[in-house]
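Full structure from sequences and hints, please.
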Amino acid sequence: MPTMASTTEPPTFTPAIPTDAVIKSTDSIYIELTPHDLDSRALTTFVRSPSAGATVLFIGSTRDTFNNLPVSGLAYTSYTPLALNTLYNIATSILSKHSCTKIAISHKLGDCPVGEESIVIAVSSPHRQAAWRAGEEALELTKEKAEIWKLERFEGGEGVWRANRDGKMGVEVGKGEGELPRV
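Okay, so the sequence shown: first residue is 1 according to full-length UniProt numbering, each after it adds one.
Think of the hints as simulated: they come from the structure by calculation, not from any bench. Treat the numbers as computed from the prediction; the structure is a model and nothing was measured. Some clues are possibly wrong.
[To be verified] Pairwise CB distance ranges, derived in the manner of DEER restraints: (1) S51 to K24: 21 to 27 Å; (2) Q129 to R48: 14 to 20 Å; (3) N68 to P18: 30 to 36 Å; (4) I59 to T26: 22 to 28 Å; (5) S93 to S49: 30 to 36 Å; (6) Q129 to A42: 21 to 27 Å; (7) T12 to A163: 34 to 40 Å; (8) T92 to S72: 23 to 29 Å.
All C-beta atoms in this analysis are idealised placements derived from N, C-alpha and C, irrespective of residue type, glycine included.
Below you can see the structure in the form of structure tokens.
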């Protein structure tokens, strides 16, 4: 198996992040990558519309365990200009595909302690079914495509870099059970 760079970092590692929120928006799309606390109320207000009968809000937060290991927190980093455009393209696609009214996606960058929100997605549409589907798809596409990575820190140990997707630690998502090579 080819050798790759290490996926671990010492507990003191801090990823480089922007100091202020980076935003891309129109009247119907709001995308934000931010080192600040996420504001679900502001995103819900943004997507509210007289032509929308449904608003769906998803809030993803840092949980305290992963694969039965105690998590002390997460830290997110991204290639911000590209991630912003990727999220904007996802939002544009979602609006069109599901005939939604508005969409907002806000993702935390930097440290994200246990219990804190790491992503908020708000979607509005004329009918609830489209809003539900759009919110779920926006989350899955964000995890699959956005250039955002997380450093998962464990109690009493090092941090492990993972793609911003679900899956086993040290196993490439969708690649089976083989462990990632270590240096």
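Exercise for the section: Evaluate the given range 30 to 36 Å for the C-beta pair formed by N68 and P18. Expected result: holds, 34 Å
Handout entry: Range hint 23 to 29 Å (beta carbons of T92 and S72) holds or violated
Key = violated, 37 Å
Handout entry: Cβ distance range 14 to 20 Å for Q129 and R48, holds or violated
Key = Because 19 Å falls inside the window, the suggested range holds.
Handout entry: Range hint 22 to 28 Å (beta carbons of I59 and T26) holds or violated
Key = 23 Å Cβ-Cβ, so the 22 to 28 Å window holds.
Problem - Satisfaction of the hinted span 21 to 27 Å by the C-beta atoms belonging to Q129 and A42 - result: holds, 25 Å
Exercise for the section: May I ask you to test the hint 30 to 36 Å on the CB atoms belonging to S93 and S49? Expected result: This hint is violated: roughly 19 Å between Cβ atoms.
Handout entry: Outcome for the supplied range 34 to 40 Å, where the beta carbon pair is T12 and A163
Key = Violated, since T12 and A163 (Cβ atoms, about 23 Å apart) do not stay within the stated range.
Problem - Range hint 21 to 27 Å (beta carbons of S51 and K24) holds or violated - result: holds, 23 Å
This entry does not satisfy hints 5, 7 and 8, going by the numbered hints stated previously.
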